[in-house]
Amino acid sequence: MLRFILSRLAQSFAVIFVVITATFFLVRLAPGDPFSSERRIPEFIKQRILEHYGLDRPAIEQYWNFIRNAAPKRFRPDRIFEEDPLMSAFGINLGPSFTQARTVNQIIADTFPVSLELGFWALVIALSLGLTAGLTAAIFKNSALDYVPMSAAMVGICLPTFVMGPILALIFGVWLGWFNVSGWFLPQDRVLPAVTLGLVYAAVIARITRGGMLEILSQDFIRTAQAKGVPYTRIVFKHTLRGGLLPVVTFMGPALAGIISGSFVVETIFQIPGLGRQFVQSAFNRDYFLVLGTVSVYAVLITLANLTVDIVQVILNPRLRFED
Amino acid sequence: MPLPTRLSPGEKRLPDPAILPEQIEEGTSLWKDAWHRLSRNRLALFSFWTLVVIASLCFVGPFFTPHAFDAQNLEKTLQSPSWQHPFGTDDLGRDQLTRVLVGGRVSLTVGVIATIVSLIIGVTYGAAAAYIGRKVEAVMMRLVDILYAMPFTIFVILLMTIFERSLILLFVAIGAVEWLTMSRIVHGQVKSLKKQEFIEAAVSLGFGTRRILFRHLIPNVLGVVAVYATLTVPSVMLLESFLSFLGLGVQPPQPSWGSLIKLGADNIQLYPHLLVIPAFFFSLTLFSLNFLGDGLRDALDPKSSKD
Numbered sequence: 001m002l003r004f005i006l007s008r009l010a011q012s013f014a015v016i017f018v019v020i021t022a023t024f025f026l027v028r029l030a031p032g033d034p035f036s037s038e039r040r041i042p043e044f045i046k047q048r049i050l051e052h053y054g055l056d057r058p059a060i061e062q063y064w065n066f067i068r069n070a071a072p073k074r075f076r077p078d079r080i081f082e083e084d085p086l087m088s089a090f091g092i093n094l095g096p097s098f099t100q101a102r103t104v105n106q107i108i109a110d111t112f113p114v115s116l117e118l119g120f121w122a123l124v125i126a127l128s129l130g131l132t133a134g135l136t137a138a139i140f141k142n143s144a145l146d147y148v149p150m151s152a153a154m155v156g157i158c159l160p161t162f163v164m165g166p167i168l169a170l171i172f173g174v175w176l177g178w179f180n181v182s183g184w185f186l187p188q189d190r191v192l193p194a195v196t197l198g199l200v201y202a203a204v205i206a207r208i209t210r211g212g213m214l215e216i217l218s219q220d221f222i223r224t225a226q227a228k229g230v231p232y233t234r235i236v237f238k239h240t241l242r243g244g245l246l247p248v249v250t251f252m253g254p255a256l257a258g259i260i261s262g263s264f265v266v267e268t269i270f271q272i273p274g275l276g277r278q279f280v281q282s283a284f285n286r287d288y289f290l291v292l293g294t295v296s297v298y299a300v301l302i303t304l305a306n307l308t309v310d311i312v313q314v315i316l317n318p319r320l321r322f323e324d
Numbered sequence: 001m002p003l004p005t006r007l008s009p010g011e012k013r014l015p016d017p018a019i020l021p022e023q024i025e026e027g028t029s030l031w032k033d034a035w036h037r038l039s040r041n042r043l044a045l046f047s048f049w050t051l052v053v054i055a056s057l058c059f060v061g062p063f064f065t066p067h068a069f070d071a072q073n074l075e076k077t078l079q080s081p082s083w084q085h086p087f088g089t090d091d092l093g094r095d096q097l098t099r100v101l102v103g104g105r106v107s108l109t110v111g112v113i114a115t116i117v118s119l120i121i122g123v124t125y126g127a128a129a130a131y132i133g134r135k136v137e138a139v140m141m142r143l144v145d146i147l148y149a150m151p152f153t154i155f156v157i158l159l160m161t162i163f164e165r166s167l168i169l170l171f172v173a174i175g176a177v178e179w180l181t182m183s184r185i186v187h188g189q190v191k192s193l194k195k196q197e198f199i200e201a202a203v204s205l206g207f208g209t210r211r212i213l214f215r216h217l218i219p220n221v222l223g224v225v226a227v228y229a230t231l232t233v234p235s236v237m238l239l240e241s242f243l244s245f246l247g248l249g250v251q252p253p254q255p256s257w258g259s260l261i262k263l264g265a266d267n268i269q270l271y272p273h274l275l276v277i278p279a280f281f282f283s284l285t286l287f288s289l290n291f292l293g294d295g296l297r298d299a300l301d302p303k304s305s306k307d
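Line order of the protein sequences matches chains A and B.
At position 281 of the first sequence (counting the first as 1) the number is 281 in my numbering, and the numbers step up by one without a gap.
At position 178 of the second sequence (counting the first as 1) the number is 178 in my numbering, and the numbers step up by one without a gap.
Hints may contain errors.
As the list claims (entries may be wrong) - Residues from chain B that keep clear of chain A, each with C-beta distances beyond 12 Å, as calculated:
no.	residue
1	A34
2	W35
3	S39
4	I116
5	I199
6	S204
7	L205
Unchecked claim - Restraint ranges, calculated between C-beta atoms of paired labels, are given here:
no.	chain 1	residue 1	chain 2	residue 2	range
8	B	L143	A	N317	21 to 29 Å
9	A	P247	B	T124	24 to 32 Å
10	B	I116	A	R28	29 to 37 Å
The set of hints was computed from the structure by calculation and includes no laboratory data.
All C-beta atoms, glycine included, are put in the ideal place defined by N, C-alpha and C.
Generate coordinates for the entire structure from the input sequences, incorporating the hints supplied.
Below, the structure written as structure tokens:
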């Protein structure tokens, strides 16, 4: 088990490193620079700007500078970027932003909590709704309690966030007037974005739960338990749940990645000041350091989620323990 | 005891003296069987015909509408539906009906072509890994695992913002993401099939590799591949529309359902029809593709023939 965790941990670091490196060179290899789209600046001033940010160096040197700055403080004789009180606990300095009067550290510190809250509520909605619907459908197979939630789930899957969001805003914001169409100020402003983001995954989780439960319920040991006279509720919750929910655990990794990419859209629709919008905007503006900063946060987040899912999976499924 | 209606491929039933030879049923082929089951699934059939109607509307319709999809009329912007413009007009006075149809054409084309790209890569890769086996297989599938953990949507967004946007880049970017699942599925299928008794039986009966491959392995994998291809098309269309919604997909004046929905989302307060109509077509298409995929899965999965 320990060996398994260690090997996955090493792999996670490798993934984060590869993602950051790939992002760095992808952004740098593209034609043009962050200042090419603005109005004409005299060549020598532009040269000074590039020099100031260290962008006149060869790509490899810039890469090394970035890694050195992102690394904890004691490894770095700081030259290019001024220190930042924020995140000083980690000593990580992700550099300046070209388009905003904040450092990348500050931007992340300001916007990430917003996205985290949005993602948290979305996950709560997805899990509570999805598990309830899926379990009900599995227990009452081939009845109205199966068909109705499963049809709803099918509809949910076909309505992606960028369709669901505007339609919910239209119905509950414009026509019924229950919520604001956009903004992130009042507690109730969380409802529409979180529902938008969570509903699709609730639908998928419901289907996966139903499938997983039915798969286990049709196995021989369940029949044996039934023959021995174990009550049905006990069979479902004691014998089936653990195995039946395994596929749901497996799905949590992709679900989190999906919620992150969904947040790009939802934050745009509802005008939420979160990290997702920063990422998309920075990619548009070629705000190199901001792109790298946001991608780093996402890489760490997704890798962490996958790692957790892998470990939980092994804990829940004893059969996996003998593989490594 | 009722007669089993189907024989496994390659299986021979012993003659039962109580049955006259002409009473013995012919083994039906996998596809005949599948078609039979699919044609009984009303929802899947309905989805199929819906798709046919939507696709033909999108591909043929724009030739018959009186307006071009990029013909602007700045005196008639953001109009409500009328006889002249059944779906109204957009912010530049372009006919929304034509744009919805052309947008559907773009979305469907991207969906199908990117799926084919991912299909070719995924099936080859997965089958090769399972066929070669041993260390090569382990390395190949581990690589897929690692790639799977990559935040690909982020890379796709970066690709589309940084490089000159084009349809080809879109195909490459989407195909590169979607082949992973396909390769995993094919790999798992081939691997588990290789171990099963009927393959062992075929081997021990002395059938050649070709016969085993084409008569036993491929038909069994093909069903799953067909199902996942049908299910990949909507997820590709989703990704394309997602990108177009963010302004990163198909470039204007070319419409796509994603960018039309974006325009609608920006104008929901005053012009809800701009959102509702493309959203309806898009969802209906995704709906039909998913139901058809589910129906195909039920029809082609040999295990489902039991009930």
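To see whether the hints hold, each was checked on the structure:
no. : hint                        : result
1   : A34                         : holds, 21 Å
2   : W35                         : holds, 23 Å
3   : S39                         : holds, 21 Å
4   : I116                        : holds, 22 Å
5   : I199                        : holds, 23 Å
6   : S204                        : holds, 28 Å
7   : L205                        : holds, 30 Å
8   : B:L143 x A:N317: 21 to 29 Å : holds, 23 Å
9   : A:P247 x B:T124: 24 to 32 Å : holds, 27 Å
10  : B:I116 x A:R28: 29 to 37 Å  : holds, 32 Å
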